[in-house]
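A.B. asks: Sequence:
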Amino acid sequence: MEDETMNESLAKTASWPMSLIAFGFYFSLFFDPWGPIPRYFGWLLCIIGIVGLFILQSSELRRPVLDPAVKIIIYIMIIWSVFTTLLNFYGWYHFGKGVSNPLEAVFGLWLTASVVAKEGTGRFQKVWWASSVLIFAAYILQAGKVFDITVISNINTVGLYAIVALPMSLNFAVRRYDSRLLNVISFLTVVLNLTVLFLSFSSGPWLVGGIEILLFLIIARPGKYGLFKGLLIPLLITVLLAGLFAFNQPDYLGRFKREISQLLSFSGDLSEFTNRRWDIWEQTVHLISEKPFTGWGWIRYQTLYLMNELKPISGSAIPLEPHNMYLQLLTYGGFPLLIVVMGLMLRCAWLAWRKLKGCKGENKYLYAAVLTTIIAIMIYSMAGSIFAARQKIGFLFWALCGIAAALPERGKGSVQDDA
Numbered sequence: 001m002e003d004e005t006m007n008e009s010l011a012k013t014a015s016w017p018m019s020l021i022a023f024g025f026y027f028s029l030f031f032d033p034w035g036p037i038p039r040y041f042g043w044l045l046c047i048i049g050i051v052g053l054f055i056l057q058s059s060e061l062r063r064p065v066l067d068p069a070v071k072i073i074i075y076i077m078i079i080w081s082v083f084t085t086l087l088n089f090y091g092w093y094h095f096g097k098g099v100s101n102p103l104e105a106v107f108g109l110w111l112t113a114s115v116v117a118k119e120g121t122g123r124f125q126k127v128w129w130a131s132s133v134l135i136f137a138a139y140i141l142q143a144g145k146v147f148d149i150t151v152i153s154n155i156n157t158v159g160l161y162a163i164v165a166l167p168m169s170l171n172f173a174v175r176r177y178d179s180r181l182l183n184v185i186s187f188l189t190v191v192l193n194l195t196v197l198f199l200s201f202s203s204g205p206w207l208v209g210g211i212e213i214l215l216f217l218i219i220a221r222p223g224k225y226g227l228f229k230g231l232l233i234p235l236l237i238t239v240l241l242a243g244l245f246a247f248n249q250p251d252y253l254g255r256f257k258r259e260i261s262q263l264l265s266f267s268g269d270l271s272e273f274t275n276r277r278w279d280i281w282e283q284t285v286h287l288i289s290e291k292p293f294t295g296w297g298w299i300r301y302q303t304l305y306l307m308n309e310l311k312p313i314s315g316s317a318i319p320l321e322p323h324n325m326y327l328q329l330l331t332y333g334g335f336p337l338l339i340v341v342m343g344l345m346l347r348c349a350w351l352a353w354r355k356l357k358g359c360k361g362e363n364k365y366l367y368a369a370v371l372t373t374i375i376a377i378m379i380y381s382m383a384g385s386i387f388a389a390r391q392k393i394g395f396l397f398w399a400l401c402g403i404a405a406a407l408p409e410r411g412k413g414s415v416q417d418d419a
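Going letter by letter, the sequence shown gives residues 1 to 419 in the UniProt record's numbering.
Just so you know, the hints here were simulated from the structure itself, not pulled from any lab data. Be aware that one or more of the hints could be misleading.
Stated by the list, open to error - The list that follows gives simulated cross-link-like pairs (lysine-lysine, DSBU-like), each with its CA atoms no further than 35 Å apart:
id, residue 1, residue 2
1, Lys126, Lys360
2, Lys360, Lys71
3, Lys291, Lys126
4, Lys71, Lys97
5, Lys118, Lys360
These numbers were taken from a predicted model, which means no experiment stands behind them.
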């Protein structure tokens, strides 16, 4: 009898680590775009909660939360990343900093799956929604020079954040809400998202954003109401806001004209069209050709560039990144790493599609958003990399992959909760 009482007590006590894990996860999700420090703090709380589960020997540790195929893929991804980085050992500092990149991706995916497999996706969507609206509003105020604040300083990061967030914004906007206020806020979320996308003044994200809208409409099929409220009205308002920004800020008008000119130059000099990235890619291909199977290990690309004494771009610039995820993965881990990461993304896309087809309620829009984002990032990765955006954006993408890969809690048929 005493043993039974003790076990019941431990089972109840184990709820505090789960609560701490959930709080840390949502804290890191909300504050991730503000920088790595808040996210790491949230993850620290999660790790404390996980340690608590080990101490209490909780059954939660044995509960499967990830799709089995995804679990196998991420094991291979980490083992191969560690192996190639040790094979090209540059010192413990470079090893730790390099391997932490894929580790963060895997941890973010697993952590999301652990939380939503337990409690569903409702709170996840609410936290994402609140965070994105805050970021959009803050960046627009920053761009309009209303307040002297800096939310995101790098234009490439602005564009990437806008395209990672756009399908989720559409997910919120095409739904029907009982509250009139929520209906207004939902379509204004898309307006803010599209405005930030415009203010990135980057033709790559513009193109990917357009593809995302088309993909979401094809995959989600929101109907006339969702199309009108979630897209047509926001597009009209965004065009008006973009016009105000462009014509009231001479600098913005010049940048807008430059991007349009770049888009129209597609048939001309490819180097100019890609903002000189073609030159970087040529140098990267040279690195890959030397170690096509194992790669050079996860090391800072700029350091690798200098170590191999490659020629500077445009005479003096040393690139920080190859600006192409596929070339980046080939550089760090050769063809095996590229195949594994592509397998992970494709598996998550397939799982999102399966959940979409099996969902009868409005939460199908969530899985349509997840699927759209994964496809969009695979397209964007031809001129950028989600691994290079680990500071502020990477966790958000891997969290969406975690939504796709999460298993339902034992005894339940899905992880679906409406926002």
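A.B. asks: Decide, hint by hint, whether the structure agrees.
C.D. replies: Evaluation of the provided hints:
no., hint, verdict
1, Lys126 x Lys360, "holds, 20 Å"
2, Lys360 x Lys71, "holds, 27 Å"
3, Lys291 x Lys126, "violated, 45 Å"
4, Lys71 x Lys97, "holds, 23 Å"
5, Lys118 x Lys360, "holds, 20 Å"
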